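Q: Sequences listed follow chains A and B, in order. Quick note: the first sequence uses my numbering, first residue 23, plus one each step. Quick note: the second sequence uses my numbering, first residue 176, plus one each step.
In short, the hints are calculated from the structure, not lab data. Note that the structure is predicted; figures quoted are calculated from it, not measured. No residue lacks a Cβ here, since even glycine has one placed at the ideal position from N, Cα and C. Any given hint might turn out to be false.
Here's a subset of chain A near chain B, in silico, CB distances under 8 angstroms, partners left out [what the hints assert, rightly or not]:
(1) Ala96
(2) Gln97
(3) Glu117
(4) Ile119
(5) Ala127
(6) Glu155
(7) Ile161
(8) Leu167
(9) Leu241
(10) Gln243
(11) Ala245
(12) Ser248
(13) Ile331
Derived pair list, reagent style DSS-like, types lysine-lysine, alpha-carbon separation capped at 30 angstroms [unchecked claim]:
(14) B:Lys632 - A:Lys46
(15) A:Lys76 - B:Lys531
(16) A:Lys46 - B:Lys428
(17) B:Lys428 - A:Lys293
(18) B:Lys486 - B:Lys632
(19) A:Lys293 - B:Lys349
(20) A:Lys76 - B:Lys349
(21) A:Lys164 - B:Lys531
(22) A:Lys164 - A:Lys210
(23) A:Lys293 - B:Lys520
(24) B:Lys644 - B:Lys486
(25) B:Lys501 - A:Lys164
(26) B:Lys558 - B:Lys501
Estimated spans, in silico, between C-beta atoms of each pair [unchecked claim]:
(27) A:Tyr284 - B:Glu426: 53 to 59 angstroms
(28) A:Lys164 - B:Glu633: 57 to 63 angstroms
(29) A:Arg41 - B:Gly357: 56 to 62 angstroms
(30) B:Tyr444 - A:Leu45: 33 to 39 angstroms
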Amino acid sequence: MAHEDRAFYDQLAERGVTRRSFLKYCGSVAAMLGLAETMAPTIAGAVEAAAGSKLYPAVWVNGGACTGCTESAAQATYPDIAQIVLDILSLNYIETIMMATGHEADVALFDTAEANEGNFIMIYEGTVMTGLEGNTLRIAGKTGLEYIDEIAPKAAAVIAVGSCAVDGGWVKAAPNPAGGTGISMYLKEKGIATPVINLPTCPVNPEWIVAIIIDALLLGQLADGSILDKLDEYGRPKFIFGQTIHDNCPRRGHFENGEFVYQFGSAEEAKGYCLYPVGCKGPQTQTNCPIVRWNNSVSWCVESGSPCIGCANYNWVDNGAPFLGRMPQVAIGSGPQGGGFNPGVVGAVAGGVVVGALAVHGIGMKAAGRIGEGPATEPMKDYDAKRGAKGGEK
Amino acid sequence: MASKATTSTATPTTTSATPVPISAASGTAVIDPLTRIEGHLRVECSVEGGVITDAWVSGGLYRGMETVLKGRQPADAFYVSQRICGVCPVSHGHGATMAAESALGVTIPNGARIVRNLIEAAEFLHSHVLWFYTLAALDYVDPSKALEADIADTYALAQAAGTSTADFGAVQSKLKTLVEGGQLSIFTNGWFGHPAYAQDMPAELHLIAVAHYLEALEIQAEAARIIAIMGGKFPHFMTSIPGGTSWVPTEEKIDDVLFRFMRVRDWVYNTMIPDTLAIAPFYADALSYGAGTGNFLAWGVFNDPSMEMTKRYLPNGAIFTAQGLKVEDASPDKVLEYVEHSWFKSESGLNPQDGKTEAVDTFPGYDINDKYSWAKAPRYDGKSMEVGPLARMLVAYLRGVAPVKSIVDTALTALGAAGKPEVLVSLLGRVAARNLETAVVADWSVEWVNELIGAIKEGGIAFYEPIEKDAGKGAGMWEAPRGALGHFMNVEGGLISNYQVVTPSTWDISPRDAEGVRGPMEEALIGAPVLDVEKPMEAARIARSFDP
Chain A
23 MAHEDRAFYD
33 QLAERGVTRR
43 SFLKYCGSVA
53 AMLGLAETMA
63 PTIAGAVEAA
73 AGSKLYPAVW
83 VNGGACTGCT
93 ESAAQATYPD
103 IAQIVLDILS
113 LNYIETIMMA
123 TGHEADVALF
133 DTAEANEGNF
143 IMIYEGTVMT
153 GLEGNTLRIA
163 GKTGLEYIDE
173 IAPKAAAVIA
183 VGSCAVDGGW
193 VKAAPNPAGG
203 TGISMYLKEK
213 GIATPVINLP
223 TCPVNPEWIV
233 AIIIDALLLG
243 QLADGSILDK
253 LDEYGRPKFI
263 FGQTIHDNCP
273 RRGHFENGEF
283 VYQFGSAEEA
293 KGYCLYPVGC
303 KGPQTQTNCP
313 IVRWNNSVSW
323 CVESGSPCIG
333 CANYNWVDNG
343 APFLGRMPQV
353 AIGSGPQGGG
363 FNPGVVGAVA
373 GGVVVGALAV
383 HGIGMKAAGR
393 IGEGPATEPM
403 KDYDAKRGAK
413 GGEK
Chain B
176 MASKATTSTA
186 TPTTTSATPV
196 PISAASGTAV
206 IDPLTRIEGH
216 LRVECSVEGG
226 VITDAWVSGG
236 LYRGMETVLK
246 GRQPADAFYV
256 SQRICGVCPV
266 SHGHGATMAA
276 ESALGVTIPN
286 GARIVRNLIE
296 AAEFLHSHVL
306 WFYTLAALDY
316 VDPSKALEAD
326 IADTYALAQA
336 AGTSTADFGA
346 VQSKLKTLVE
356 GGQLSIFTNG
366 WFGHPAYAQD
376 MPAELHLIAV
386 AHYLEALEIQ
396 AEAARIIAIM
406 GGKFPHFMTS
416 IPGGTSWVPT
426 EEKIDDVLFR
436 FMRVRDWVYN
446 TMIPDTLAIA
456 PFYADALSYG
466 AGTGNFLAWG
476 VFNDPSMEMT
486 KRYLPNGAIF
496 TAQGLKVEDA
506 SPDKVLEYVE
516 HSWFKSESGL
526 NPQDGKTEAV
536 DTFPGYDIND
546 KYSWAKAPRY
556 DGKSMEVGPL
566 ARMLVAYLRG
576 VAPVKSIVDT
586 ALTALGAAGK
596 PEVLVSLLGR
606 VAARNLETAV
616 VADWSVEWVN
626 ELIGAIKEGG
636 IAFYEPIEKD
646 AGKGAGMWEA
656 PRGALGHFMN
666 VEGGLISNYQ
676 VVTPSTWDIS
686 PRDAEGVRGP
696 MEEALIGAPV
706 LDVEKPMEAA
716 RIARSFDP
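Model the full structure from these sequences, guided by the hints.
A: Okay, structure coming up:
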C-alpha cells in the first residue's frame, strides 16, 4: 500500500500536532533510544511508513492487573494510542478496549497466536497469579496461567509492561498469599524460551512502550535480534534504565547544596528543594523519568512535590516502604527475587542520612569540586531528630 | 473481508446483517471474558423465550490488597491501595488518605481540600469520557455501518444534532483501509451487524460516533494530563498524603490546569452531551429494562468547606425505591459483607471496619449454587445496593442540588419523560446519568480553579497539616467515578492493624448473599431481552452500563 505522507501529517494536524513538533518528538525518542539525533528523520520515516503498511500482529494479555498500564498506554503521545492500534499494530486482543465480547474475544486471541506463530508480540500486563493453582485469576473457565502457557511460547517476544508483569509488583509484597510473580520468572520456571523485554514502573511509562515499538518493530531490531543486546541483566532496555532518577533530577542542584524539604507544603517545597529527607528513592531508582516525564511531559512525580517511591525497583513495595521515610534497608545484590540492584548507592541505602548519600555520590561531586568533609550545610535537623533519626542509621 | 490470519467469525458487512433467530432464543448465555471493563468478569444468564430469567456475575481475580497493607504505615496505604484500579486510582488514593486522616484525627487545610477536589474532578472527566466512548459506545454504534455513510449528509446531521464535526471523510477512509487490509486490530471479531443495534439509526450517526470515539481518546488524555500536573502522573498519582497534599500550586500551573479543564468542558458540552441526546432516542426501549435492585447508595464526593458527607457537592444518601423516590442519610455502620457465595473462608456478615478477607485454602471450583466469585456481597441495611453515577444523580436530584436538578430535568424532557425521574432507573437512565454527571463536574471543575485562585489571593492558604497521633480507627467514605467507595483503616502503634476496602465494583457485581438475594448487576439482567443467546449483546450492555 502506498504510503501517503500528506495524509499522515493531516492526521497529526487534526490532533493539533505540527510537523515540526512531531519531528522534535522523534528527536527525543532518538535520545531515549540512545541513538544520535540524526536518527530522528529515520524514526519519523519509520512511523510514517508504518501508517501505510501491514500492521504487526500483537495481543495484549492482562494477568492480575489494575488496568493501569492499559490506561497509561492510552496516554502515549506521538504516535498516540489511536495511531498505535490503527497504523502500527494490529492489536487483535486487548480486553480493555477491543470491540469483541466474550467467546469471540477469546477466539481472536488464540487465532492470532496460531496464525502468526513466531511473528507477533505478546504484551503482558499485570501480575502472574500463581496462588491456588492459578485460580486467583480465572478467565473463560481457565486460569490466567493457562493463557500464558498457550500464548507465550508462540510469540516472537513478550513485552512485560509495568512492575506487576516484571516481578509481581505490589501483589508480591509480603505476606500476600495470592502468589504473584513476574512473567519472565514464570516463563523461566516453565522452560519457555520466548525473550522478555521488561519495562517496570507502576504503571509503565507509555513513552517507553512507544520507544520499544519503534526500536523493535519499526527499526527492525526484533527481527535481527539486536534489541536483545540492548537489555541489561534484568531484561530492561539499558537506554531507559541505565541511570538513576537522581542522576537527572532537576532538584539535584539543591541536593548538592544541602537544601532540603523537611515538610510538605513548606516554604522549602515552594522553592523546589530536594525531597530526600521526606523519603525520595531517586538515588536508588533507575529510570529516565526526569527526562521523559509523564502524560505528554506535563510533569512527573518529583516535580509535583512528591518523593520518588522507587516503583521501578524490584519488589518495590517491600523494598521502598515506608515511602515517606528515608531510604530503608534494601537487600543488595540479590537480584530480582531479593531486592534492590543498584550497588552504586549501597551507602545511601544503608546509611539513611543525607551525609551518607552525599559521601556515596562523592565520585561525581569530587569531579565537581564540591566534596571534602561532606557538606557543612546538612547537620541533623530538629525535625529529623524528633522523628527518631540517628546519624548513620534509619 | 477475508483476513489472512487473525479472525474466524468477524466479517464486517456493508449489507444487511445475517438474520438471527429472534425471540425464540433460549438457553444459557455466557459472556466470559466480559471485555471493555476494568478487570475480569464473567456474566452467565438463563434465557427463556428471548428474556433473561436468572443471572450470575462472577469476579475473576483475587490480588490480596488488604493483606499487603497490614503492618505498614498509614501513609503507605495511599500509594499501594490506588493500585486496586488503574482507571480510578485517584479515588482510591483519596479514600486511603482520608481513612488515615479519619483514624488519626486530622482535618486537612482548605488549600488541600480544593486541590483534591480538582484532581478528583479531572479523574471523573477522564473516566466518564473513556467509559462512554471507548468502553461502551461500541455496544450501540456499529463501525461497519459507518462505511455506508454519505459524507455530506454526515456534516448536515452533525449540525442538526448540534454536535461537533470532524474530518468525517478521513475517518471513513481509515475504516475502509482497515477492512480492505484485512487487519481489524481492536475491532477484530466484533459483533458487526448484530440485530440488537438500532436498525433505524442512520449510517451517518454511526460515522459521527466513530469519529468522536477517536477524538475522545485525545480528550481523556487531556483530562489525565490535568491530574498529572497536580499529581505528578496518571494513572497512580503521587501527591495525596495524610494531612493534605504535597502539591503546592504555582501561577503557571494553575493557568495550565484551568486551560485544560476549559478545553475538556467545551468538548463535553459540544460533543459528548449532544452525541448522547442524538443516540439515546434510537435506544428508547432501554428505558424499560435493566433497572437493578432499585436501591441506591452514595457516600458523596467533592467536599465543601464544611467537610460533611451530606453537604458534599454530590452528597451522601441512600434510596430504597420500594419506599418511593426519597433519600436518607447513609452511614458506614450499616454495611455488612457476606461471603457465602465467594471464594473466601473468613467470617461472613462483618462490618468492614473490623472485617476480614481470607481466601479459601483450596479452590473448590466455580459453582453457581455454591461459591462462584472473587467478589464479596456487601449489603447496606440488609439491602443489595446499586452504586455509581445513577445513584449519585438521584441522591443529588432528590437533595435539590441545583445544577443536577436542572440538567436532569432538561434530559428527561429530551427523552420524552418530563417530570419522571423514575424512568432513570433503567439501562438507558444509567448510561445517561453518567454523561449528565460529566457535564456537571466539568462546570464545577472550572469554578473550583477559580476558588483556588481566590483563596490564594486572600492569603494564608495552607496545603498540609502534620499528623501526631499514632492510633485510632477510621474510614474514608468517598466516590470513585463508578460508585461508592469505602476504605477502612485501624491503626495501632503507628502501623495499620486492619485494612478493608469496599469498592464500587463489589457493590455492583456482588454475587448472592447469605439469604440468596442477588447483586445489582445480576438483578438488572433479569427481564432484559436477548435476541441471540450466542451473542447476548443486550446483557453485555447492561453489565457494562455499571462500568464494573
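Q: Sort out which numbered hints this structure fails and list those numbers smallest first.
A: Going through the list in order, the structure violates hints 8, 9, 10, 11, 12, 14, 15, 19, 23, 25, 27, 29 and respects the others.
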